Amino acid sequence: MQKLKDFAHGALVPVLLLLLWEAGSRLGLFSEVLLPSPTAVAIKWWAYLLPGQPQEAGQSYLAWLFSGELPHDAYSSLFRVITGFLIGAGLALPFGLLMGASPRIYDLFNPLMQILRPIPPIAYIPLAILWFGLGNPPSFFLIAIGAFFPVLMNTIAGVRQVDGIFLRAARNLGASQWTMFTRVILPAATPYILAGVRIGIGTAFIVVIVSEMIAVNDGLGFRILEAREFMWSDKIIAGMITIGLLGLAIDTGVSRLNNHLLRWHRGLEH
Amino acid sequence: MAQILINNVHKVFKTPGKDVVALQDINLEIKAGQFVCLLGPSGCGKSTLLNAVAGFALPSSGVITVDGKPITAPGPERGMVFQEYALFPWMTVAQNIAFGLEIQKKDPAEIDLTVNQLLELLHLTDFRDRFPKDLSGGMRQRVAIARVLALDSPIMLMDEPFGALDALTRRNLQDELLRIWNKLGKTIIFVTHSIEESIYLADRIVVMTYRPGTVKRDQPVTMPRPRDPSSAEFNELKRELGRLVMEEQQRHANDEMKLAAVD
Chain A
0 MQKLKDFAHG ALVPVLLLLL WEAGSRLGLF SEVLLPSPTA VAIKWWAYLL PGQPQEAGQS
60 YLAWLFSGEL PHDAYSSLFR VITGFLIGAG LALPFGLLMG ASPRIYDLFN PLMQILRPIP
120 PIAYIPLAIL WFGLGNPPSF FLIAIGAFFP VLMNTIAGVR QVDGIFLRAA RNLGASQWTM
180 FTRVILPAAT PYILAGVRIG IGTAFIVVIV SEMIAVNDGL GFRILEAREF MWSDKIIAGM
240 ITIGLLGLAI DTGVSRLNNH LLRWHRGLEH
Chain B
0 MAQILINNVH KVFKTPGKDV VALQDINLEI KAGQFVCLLG PSGCGKSTLL NAVAGFALPS
60 SGVITVDGKP ITAPGPERGM VFQEYALFPW MTVAQNIAFG LEIQKKDPAE IDLTVNQLLE
120 LLHLTDFRDR FPKDLSGGMR QRVAIARVLA LDSPIMLMDE PFGALDALTR RNLQDELLRI
180 WNKLGKTIIF VTHSIEESIY LADRIVVMTY RPGTVKRDQP VTMPRPRDPS SAEFNELKRE
240 LGRLVMEEQQ RHANDEMKLA AVD
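The listed protein sequences correspond, in order, to chains A and B.
Heads up, the first sequence is in numbering that gives the first Met the number 0, so the first residue is 0 and it goes up one at a time.
Heads up, the second sequence is in numbering that gives the first Met the number 0, so the first residue is 0 and it goes up one at a time.
Hints in this document: simulated from the structure, not taken from any laboratory.
Quick caveat: nothing in here was measured; it's all calculated off a predicted structure.
Every residue, glycine too, gets a C-beta built ideally from N, C-alpha and C.
Keep in mind that the hints are not guaranteed to be accurate.
Simulated DEER-style distance windows between Cβ atoms [what the hints assert, rightly or not]:
hint, chain 1, residue 1, chain 2, residue 2, range
1, A, Asp162, B, Asp128, 47 to 53 Å
2, B, Gln116, A, Tyr105, 50 to 56 Å
3, B, Asp128, A, Asp5, 27 to 33 Å
4, A, Thr38, B, Ser135, 29 to 35 Å
5, A, Val253, B, Leu112, 55 to 61 Å
6, A, Ile114, B, Thr124, 40 to 46 Å
7, B, Phe12, A, Ile118, 42 to 48 Å
8, A, Trp177, B, Ala31, 41 to 47 Å
9, A, Pro53, B, Asp128, 43 to 49 Å
A few chain B residues facing chain A, derived, Cβ under 10 Å [unchecked claim]:
hint, residue
10, Asn50
11, Gln103
12, Phe130
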């Protein structure tokens, strides 16, 4: 009952806004071409979601059900985000651990990182196309860069803030360098690292949409840009809402993972 | 023969401006199984001495040997219990206790057995799968003691372990510690600034002076246990040690006033 109440409370503002929008459209306040009504968007979204072709012989029902344009685009975008993120974070994590743990390595690489970090991933687009041509590789590259720095910076900070008392306790128990790293420093830095992961995924999600506007011919970013050329603003908005839902789903997933991995952490309710 | 030999130990902390002599001419012989309290005000070097025995911060000169071997690094044969507990918050109670044994690559079945015995010994069985954040201070310190006991080290070093606990929990843990010490016969070096705590626990109380840290009084305590803190004998010793400690505390306070005046 309480849950239902909370939900109703949270839904109040969005629903009110939708009603106003719908009413405005029906009264002819907005141009139908520039801002279609929410019902028009919903109808378009549904059509975009449904399979475009009739079920082929031999095709499984499930494959057919997800053969529509929207599921295909969402899958393509998600695939790029995950691949790019895994590359970026996969490089940032060990590198950040090293830089955080060793002042020598930190001093060696920090100036370079400080110069590269402020360059927005978007600024790499021309280079990405020159280096990787068209298709998925430039997107992977751009997304990896977007995810790399947040994860790197947070991993370094996480390692550096590890309380010396844990290191002393572990040394007293006879821990080797390797054990110290894997069983003490890494878990102690996890709250910071996960915060970096969350920011990194957020950045990856921004970058994927932009990168799809330049070098590929599917994905949500491509689709909304394509829709603009035909003045399909209902499709643009449907695509944007899908991006929002996908982002929400990813963030919820990461947040769940966060709560599970940090169930030992103070101040976390689960 | 003495198990721990502290021979002519000096420790100097170099700070900009002046060097602080934390320990000067410390000579102590500690027999196996002895319960020794290091007593003194803040800044008397009692924790510095303990850290030197633990191997965290070696003396500037002089040697400390255990069974004839000089100490050069921290090690599991000298398990340490910290005032801040220093439990690993990402490990459950059982995992914290098992960690030292896993480092030694003991057989998992054997680790399980030891952990269960220690959980039982310290009345922690119901808490085995809890994380430290869910435990009270007293419970956390029990886990920290169990973690060190798991190492089965002959020597246990304790740095004001009960300093952050309320009086009742503190007395409760003091009794537990005496019970365990009786049962397992460890050598314990216990740092405290509580005169009563030192008399309640120790075979021997080493009172230290404020900067430079030296031994002011090496006081054996022969009262039979359990000791009654309201008895005449207990209080006589408490008055005597109180006088010694307060002299040093006064020097500490004067020093602080002087520093404040310079600022």
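Do the hints match the structure? See the list:
| no. | hint | result |
| --- | --- | --- |
| 1 | Asp162(A) / Asp128(B): 47 to 53 Å | 24 Å, violated |
| 2 | Gln116(B) / Tyr105(A): 50 to 56 Å | 44 Å, violated |
| 3 | Asp128(B) / Asp5(A): 27 to 33 Å | 31 Å, holds |
| 4 | Thr38(A) / Ser135(B): 29 to 35 Å | 58 Å, violated |
| 5 | Val253(A) / Leu112(B): 55 to 61 Å | 40 Å, violated |
| 6 | Ile114(A) / Thr124(B): 40 to 46 Å | 56 Å, violated |
| 7 | Phe12(B) / Ile118(A): 42 to 48 Å | 45 Å, holds |
| 8 | Trp177(A) / Ala31(B): 41 to 47 Å | 34 Å, violated |
| 9 | Pro53(A) / Asp128(B): 43 to 49 Å | 55 Å, violated |
| 10 | Asn50 | 9 Å, holds |
| 11 | Gln103 | 7 Å, holds |
| 12 | Phe130 | 4 Å, holds |
Checked against the numbered hints given earlier, the structure breaks hints 1, 2, 4, 5, 6, 8, 9 and satisfies all the rest.
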